[in-house]
Structures are given as C-alpha cells and as structure tokens.
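All chains, please: the whole structure from these sequences, using the hints.
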Amino acid sequence: MTRTVNTREIIMGTLMAVTEEGQYCHVILREVLEKYQYLEKRDRAFISRVVEGTIENMIQIDYILDQFSSVKVRDMKPYIRNLLRMSVYQIKFMDGVPDSAVCNEAVKLAQKKGFYTLKGFVNGVLRNTARNIDHVVFPDPSKTPRKYLSVRYSMPEWILQNWLAQFEFETIEKICKAMEKESKTCIRCNLSRATKEKTIEKLREQNVTVKEVPYLDYALEISDYNYLQALNAFKEGLFQVQDVSSMLVAEVAAPRWGNYCIDVCAAPGGKSLHLSDKLNGSGYVEARDLTDYKVAMMQDNLERTKRINMTAVRQDATVFDANSVEKADILLADLPCSGLGVIGRKPDIKYKMTETKQNELVKLQRKILDTVWSYVKPGGTLIYSTCTIGAQENQYNVKWFLDNYPFRLESIDPYLNEALHSRTTKAGYLQLLPGIHGTDGFFIARFKRIK
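Going by our numbering, the first residue of the sequence shown is number 1, and it counts up by one from there.
One or more of the hints may lead you astray.
[Stated by the list, open to error] No farther apart than 25 Å at their CA atoms in a straight line, the calculated lysine-lysine pairs in the DSS-like style are these:
#1 K41 / K77
#2 K196 / K184
#3 K174 / K346
#4 K174 / K235
#5 K184 / K143
Simulated from the structure, these hints should not be mistaken for lab results.
If you want it as structure tokens, here you go:
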C-alpha cells in the first residue's frame, strides 16, 4: 500500500516544535527528513525550504501579517499563527506555488485541526495578503536603518544594535544578505585517509557535484546528493562536514609532529579530528566535552575516520583538572557562544538568543578560560574561537584574557591564506564575516603562554 502524507501538515508539526516547544530547527528538521526518507526528493526539499524559510523570515512575515490581519500576530492562537506564517512564506517567496493553492491548503489544515470557526479568518487574511503582497510598505533605511534591517532580514533589533556599534551599515547588510542564502555543504578531506583527488573521485561516482572553495586546498563544496550518510566517501571516513571557518582553527593552531593537544569543548569533534589528521598519526588529541551523548557523537566520528591518535572523553571544562596542568602543547578553547555567526545554517538561533543569555555566555567563556589556561605548557599555544560575531564574546574576551593571564597574542598571518591577512591577523586574531569572507561568522585568536 502506498503511504500518503500531507507535506504541509509535516511542515506545521515541525514549525510548532520549533516555535512553541523550543526545539532547534536544524535538529527537528533532520529528524523529520530521516523519518520521511521514503518521500520523493522534491517533497523533502519542499518541507525543508518552507520550514527553514518561514523561520528565517519570521520577523518580516509577522510584519506583513500585521498589515493585513485584524488580529495582531502576537494575539493569534499558536497553530493559526504558524499556519499563516508558512502560508505567507509561500505567497511571498515561492513563485512556483499558486496563491490559490496556498490559501485552500491552509483552510483545509485549519479545519482538520478543529479550527472550524477560524477558517474564514485564515482564508480572508491570506487572500488579502496575496492581493497586496507587492504593496507592503517597509521601513525606510535612511530614516530608521536598524528597523529596516530588522524587518527586511528578520534580524532581532538588539543584535543589530550591537553590530551597528562595531560595523558599517553596508557591512551589516552584506552579512544579513549572506545569511539569507542557502547554506552550502562544505567538507574537509581527511588527507591521512585519502588524497583529495581520491575523495573527489569517490563522490563523483555517486553523481555528487564537487567544487573547490577559497583559502584551503583540501576543502570542497558538495551538492546534488540526497542523503549524506549514504555517500560511500562519508561511510569510509574520507571527509568530515565542516565549514572553512572552522577548518581555519586547526590551521592557526598549526600542530607539529608529536604535539599533545587538548580540545576542552570539542563536540561534535570536527576541529579535534582536523588536528589529528594534521598530526598524521603522531602525537595525541584529547577531545573533551560535557555529556555522554556528546562523547558518543565524537566517538562515532572518530571510528568512522579511523583515528589512532585521538580519544573522546567526558570532562566538564568548568571543573579544574590537576592532571592536565602544563600537559598541552596546543589547547583549543572553542567555547559555547551565542552562535550568531551561523544563523545562516541555524536560523532559529537569532530568536532563541537574548542579550541576557549572551551576557551569561560571556561569564561562562571567562570561567572556562580561567579554569583551563594552566593546562598549556610554557611556550605552548592556546587557540580561542567562537562561531559568533561581535566584540562582547570575541575582542573583549581577548583583552580580558591578556590582562589577567601569562599569555601574549601571536600573529596568525603565517598560517592563513594571504587573502585573509589584515591588521588584526597580524595582531593575532581574525573575525570572519558572512558576505565578506564567504564563510560562516567565526572568530579565532592565537595566544602563546609566556611563563
């Protein structure tokens, strides 16, 4: 018997899980797509696009709905609110879906869910929106630049306020535009397992499209695949999914033959695996994280890539470990952060994060640094990194660390492609920006212990 499912009903369930239950979009969407693997690729792509697009554009969608609905979005019932959101997304951003079909399907879902008395409201709001979608009045960028950026790119105003204190308007608009674009799948070839050419050959055997990317010759962009885990090159451990920005951490760390490395917040393990790969069987990498779940995740990757000089262990980075004192030639402190640099991959981050949460994260970052700095040998290297944008968690932490601990910054120019060289990289740190560098938003600083 053929299994039939309503893709829009799946979308609604996913949106409710994200907006009402607090689940992470990328996690729940991955679970949904795994559950419905048997659907046509086109249907799975539709589910992904509408879920991600609705979440990504939610502030703009709510702004539009408030112009065409007699009931403000914040006062709607949660199911109706999300039903209208995903429908407006299709009307505004998906030309291939007829407006009439969007309206009709939304009314059917409202009725199926038991909202019989609201089906007329749903129909009226959506038909009014469809008729007038090209006449929506947006904030004027010259008069209210922060409001304009917030509505146009669905970015919370508190984030923009912090960015506007550090970057020009034009730079921020480039960042926001880049975060709107579909995220590419970037991979790092495990060169100790196979040459880049061998990995490319394996991928192309399964009709995967492979492209070179800037900055690193072992990094590739892949597309035209249906399910990553089904790729033979993945199953054989020939590559790791990892953005170039993340790969640059191990480049800046620059491990030498025989180095002992500790990664204090390592899961899912990409940077630790990269260090292990660069050590080419020598030295040792100790990848630590807080929970058994995260350790198991790293262990899976470790076994898949057949690492022999790496281990995954459970260790709380905020708890001092006397056995680690002056043990590490290289210590990676890729610390918990607001994640604002990877909004393009995880669009709901911008709604879940708040200024209060960010301030708490800064305290946590400093607590971890205060706990682990002594694990570095005198003359050894500490790499501090985050996947976020903004001075609070990056440059301010660098200054605080230099003011309180026996370290100095080292130029990272020797470890970077010349295209990334700047005044700050010469000083010892790099802030990567979407839309400027063609990567996720990422921060990397290199410290040397001086005593």
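A quick look at each hint next to the structure:
1. K41 / K77: At roughly 32 Å apart (the allowed maximum being 25 Å), K77 and K41 break the hint.
2. K196 / K184: Between K196 and K184 the Cα gap is close to 19 Å, so the pair holds against 25 Å.
3. K174 / K346: holds, 18 Å
4. K174 / K235: violated, 37 Å
5. K184 / K143: violated, 35 Å
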